[in-house]
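From first to last, the protein sequence lines stand for chains A and B. Residues 1 to 500, numbered by the UniProt record's numbering, are exactly what the first sequence covers, in order. Residues 1 to 519, numbered by the UniProt record's numbering, are exactly what the second sequence covers, in order.
The hints are simulated quantities; they were obtained by calculation from the structure and are not laboratory data. Only a predicted model underlies this, so the values are computations on that prediction, with no experimental measurement involved. Cβ atoms here follow ideal geometry from the backbone N, Cα and C, with glycine treated the same way. Among the hints, erroneous ones may be present.
To be verified - Within a straight-line C-alpha distance of at most 27 Å, the following computed DSSO-like cross-link-like pairs (lysine-lysine) qualify:
| no. | chain 1 | residue 1 | chain 2 | residue 2 |
| --- | --- | --- | --- | --- |
| 1 | A | Lys420 | B | Lys84 |
| 2 | B | Lys84 | A | Lys30 |
| 3 | B | Lys212 | B | Lys226 |
| 4 | B | Lys29 | A | Lys215 |
Unchecked claim - Okay, the calculated bits of chain B under chain A, using three or more residues with CB under 8 Å as the criterion:
| no. | region |
| --- | --- |
| 5 | 26-35 |
| 6 | 118-128 |
| 7 | 145-158 |
| 8 | 180-189 |
| 9 | 239-246 |
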Amino acid sequence: MSVIEKQSVAEIKARNKELIAEVLKVYPEKTAKRRAKHLNVHENGKSDCGVKSNIKSIPGVMTIRGCAYAGSKGVVWGPIKDMIHISHGPVGCGQYSWAARRNYYIGTTGIDTFVTMQFTSDFQEKDIVFGGDKKLAKIMDEIQELFPLNNGITVQSECPIGLIGDDIEAVSKVKSKEYDGKTIVPVRCEGFRGVSQSLGHHIANDAIRDWVFDKLPADAAPRFEPSDYDVAIIGDYNIGGDAWSSRILLEEMGLRVIAQWSGDGSLAELEATPKAKLNVLHCYRSMNYISRHMEEKYNIPWCEYNFFGPSKIAESLRKIASYFDDKIKEGAERVIAKYQPLMDAVIAKYRPRLEGKTVMLFVGGLRPRHVIGAYEDLGMEVVGTGYEFGHNDDYQRTAQHYVKDGTLIYDDVTGYEFEKFVEKVQPDLVGSGIKEKYVFQKMGVPFRQMHSWDYSGPYHGYDGFAIFARDMDMAINSPVWKMAKAPWKQAPKPLLQAAE
Amino acid sequence: MTQSAEHVLDHFELFRGPEYQQMLANKKKMFENPRDPAEVERIREWAKTPEYREKNFAREALTVNPAKACQPLGAVFVAVGFEKTLPFVHGSQGCVAYYRSHLSRHFKEPSSCVSSSMTEDAAVFGGLNNMIDGLANAYNMYKPSMIAVSTTCMAEVIGDDLNAFIKTSKEKGSVPAEFDVPFAHTPAFVGSHVTGYDNAMKGILEHFWDGKAGTAPKLERVPNEKINFIGGFDGYTVGNIKEVKHIFEAMGIEYTILGDNSNVFDTPTDGEFRMYDGGTTLVDAANAVHAKATVSMQHYCTEKTLPFIKNHGQEVVSFHHPVGVTGTDAFVMALSKLTGKEIPESLALERGRLVDAIADSSAHIHGKKFAIYGDPDLCLGLASFLLELGAEPTHVLATNGNKEWAERVQAVFDASPFGKNCHVYPGKDLWHMRSLLFTEPVDFLIGNTYGKYLERDTGTPLIRIGFPIFDRHHKHRYPVWGYQGGLNVLVTILDKIFDEIDRNTNVPAKSDYSFDIIR
Chain A
1 MSVIEKQSVA EIKARNKELI AEVLKVYPEK TAKRRAKHLN VHENGKSDCG
51 VKSNIKSIPG VMTIRGCAYA GSKGVVWGPI KDMIHISHGP VGCGQYSWAA
101 RRNYYIGTTG IDTFVTMQFT SDFQEKDIVF GGDKKLAKIM DEIQELFPLN
151 NGITVQSECP IGLIGDDIEA VSKVKSKEYD GKTIVPVRCE GFRGVSQSLG
201 HHIANDAIRD WVFDKLPADA APRFEPSDYD VAIIGDYNIG GDAWSSRILL
251 EEMGLRVIAQ WSGDGSLAEL EATPKAKLNV LHCYRSMNYI SRHMEEKYNI
301 PWCEYNFFGP SKIAESLRKI ASYFDDKIKE GAERVIAKYQ PLMDAVIAKY
351 RPRLEGKTVM LFVGGLRPRH VIGAYEDLGM EVVGTGYEFG HNDDYQRTAQ
401 HYVKDGTLIY DDVTGYEFEK FVEKVQPDLV GSGIKEKYVF QKMGVPFRQM
451 HSWDYSGPYH GYDGFAIFAR DMDMAINSPV WKMAKAPWKQ APKPLLQAAE
Chain B
1 MTQSAEHVLD HFELFRGPEY QQMLANKKKM FENPRDPAEV ERIREWAKTP
51 EYREKNFARE ALTVNPAKAC QPLGAVFVAV GFEKTLPFVH GSQGCVAYYR
101 SHLSRHFKEP SSCVSSSMTE DAAVFGGLNN MIDGLANAYN MYKPSMIAVS
151 TTCMAEVIGD DLNAFIKTSK EKGSVPAEFD VPFAHTPAFV GSHVTGYDNA
201 MKGILEHFWD GKAGTAPKLE RVPNEKINFI GGFDGYTVGN IKEVKHIFEA
251 MGIEYTILGD NSNVFDTPTD GEFRMYDGGT TLVDAANAVH AKATVSMQHY
301 CTEKTLPFIK NHGQEVVSFH HPVGVTGTDA FVMALSKLTG KEIPESLALE
351 RGRLVDAIAD SSAHIHGKKF AIYGDPDLCL GLASFLLELG AEPTHVLATN
401 GNKEWAERVQ AVFDASPFGK NCHVYPGKDL WHMRSLLFTE PVDFLIGNTY
451 GKYLERDTGT PLIRIGFPIF DRHHKHRYPV WGYQGGLNVL VTILDKIFDE
501 IDRNTNVPAK SDYSFDIIR
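Construct the complete structure from the given sequences, taking the supplied hints into account.
The following block contains the structure:
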């Protein structure tokens, strides 16, 4: 179906280079120069993807990125279920991010659990003029009165907080003292900080270090008897239940998961993590900071893993097991063998329907590389990928372990670039976010949201791969795409010919 | 293992299997430091009591689950209603990602908007350079006919001056001098998305009518017979604007819809992505100054815009999101009065059909109690409709409603015998509503998608009318205005009532004697 199937790698590279040159033409000169550094064609053997990353988005280009608040409240802190996260500032930020990320959890919402609620200080003009610290203090009192079973509070700063000079740290300290050392965490994740969500992740990680770890009494007894097989899942937000379909595998191989960061997580789990023997890290981008900190301070090694698709899952289970004794290594083999028939059946069912199909991705966090293996397990090929807020270490990992020669790489892609790339490359599937979904569907291109799993999931683990395969099949092979053109109208001309 | 290739289980069923249930129970017991279940139960029950309600209503600082968004969302909504207009929000970029997501999740449509991507340095030095570069890039990349600028709270707090910035940008050649760049300051810490709608609409009209920020002569009004129509912030804009056009056309009135985003949120899947589609032409936006009158369907979305228009010599009329017979009657009669055009028989027929439908079904609605929340005008429109159906809008709540709004709602209650036991709650949120539903239960709740949490917790069935609706599809395609819209609202309410009746009478050998085949 794809035009590119018929092309050689050299032709693809030439086409992609031409494409990049073409999209750059739309920009004013200064912008073209800046954007050129974010676009590239991957060359085999290179140590990274040859693009600049983690630098400011250019005004007016329709970046897909969000902000530091989104990285802290939306990603890292928001899923911690037994704490109340105050969106501190005007009403909008909390409203737009309210329950939108599908961080699944178990608990009685509004009583001992608060994830899908929107707590805000709803700043008014007088709060901007006179400052919001008094209001914040009062909010904490009201939370204590109306939600007595909360296990902690975080203050998620919106833009104005840092601009009007509020001292949320002082308020948090005073109130923590007043409430017998209650965990109250001020987070300086104002949206204008940094260049994307990414700094928000880092700030949120640091806040856990400073306001959770560093407040732990050194002699505090653990709430459970430590074992040699204790691990913590770091960087899984339990979207559609991802962390659960991951946890079950770790437990089946004989490990004990003492904490989930942060999907379906709790304050107790954060506090227990320094007791882990190994931190297993899924989303490197958003939680490498705290993993490195725990390595330095508590001597806990950390291990990146990838639970998308059977190839990477098996590789990861073995890698995780390598940190432990034979019992766990055998456990990993047992788990791999147990699920092999399921994986064989899933691939037998779906691969024939998906073989040779091409995919273009543009996502956040770890997914621009991590999901590639899962597509390849289904016989599909990722022909373009890019990170919303990746750093160079993400692009290194991508180049060294994931992408093929000639893959189109686009960092912090703009709306215009992405649309043009897809129009010319004509992939069979685009995987990106809600803002992109309808653009490409209008163009008649099958699409899956790869942040929210398009309201499906989980996609992690063996159970998740079956769902992933089903969903990609239903997206690509839906009869709807054959109906996009009215039968009495001319068939669409192929947009890219080998001659071009 | 419950998963299978044959019958793939996703989150709906997967985690209900014994392996997962055991795993989750262990996780909770061993690692979550859970609260004593008895204590959870005690607090859960306590949160239902009048005592809790009193504490809840005594809140002064904390807002929990509000039913409102912030100004720039409304500004973006207005901007896309004009011909090839690109909304440009000056300030932090994350905000724009949020507005686009929010609108796309409701309409299931693309939502195009750019940001000036201000960061720390702009916080210190101001965002002028971001404006200069941003306008140049947006103009070159997206080839708009107009760029409508609004602000996030960051730009407002540091005091960026849009008028001066846009002027300087033009001097620097970002966009041609004559290119239209209307603007509105839309601080998120004032009002809500309806305020932002108002400010942005006024900003665009001011731009065209009052000399394009001092760069062109002000327009001299030469009155004609046209009528301008402003819909306000409206989750049903796709269906509603079409219905309103139908009414204007049936009456033979020449009209201009100002901010007509009914096409851009309703584009086909046919192989082409239309970043822009339809919208009020810029010529029409300018010529709208000559109109005889302007009609606003939502008073609180045009509190500044209508006086501005009135000052230009037009008659202005505003409504509160009219729903149903009386509301639509008032709307069409006002159009008739403004234009001298007769209300045609075809509309009388439509009206008769709505009355007919109400007569057929009213026995099932009469006397039922409802709680309503939403934007101020929507609440007024729905409350009036329920009263004319003989139902009681027992609790009416708008987080972005003020005292003056509450007085209007009270006046609506007072005008009907069914309004006697009804109460209005300005400035309250959905956690207040939760207490109301526990302490003074009603039969049905009307609200947006977030109402599903109230439905879950209090057992009050939710009828989804409002914005945003994320978890039901395509409702925005059907009008809630006009006689046809009234019929849609009636059917939406009836469907839920009948579903509930069936659900409550379907236990074999217990209650299914009432499981009637004819209702």
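For each hint, the structure was consulted:
no. : hint                  : result
1   : Lys420(A) / Lys84(B)  : holds (19 Å)
2   : Lys84(B) / Lys30(A)   : holds (25 Å)
3   : Lys212(B) / Lys226(B) : holds (23 Å)
4   : Lys29(B) / Lys215(A)  : holds (24 Å)
5   : 26-35                 : holds (count 8)
6   : 118-128               : holds (count 5)
7   : 145-158               : holds (count 5)
8   : 180-189               : holds (count 3)
9   : 239-246               : violated (count 0)
Taken one by one, the earlier hints fail for this structure only at number 9.
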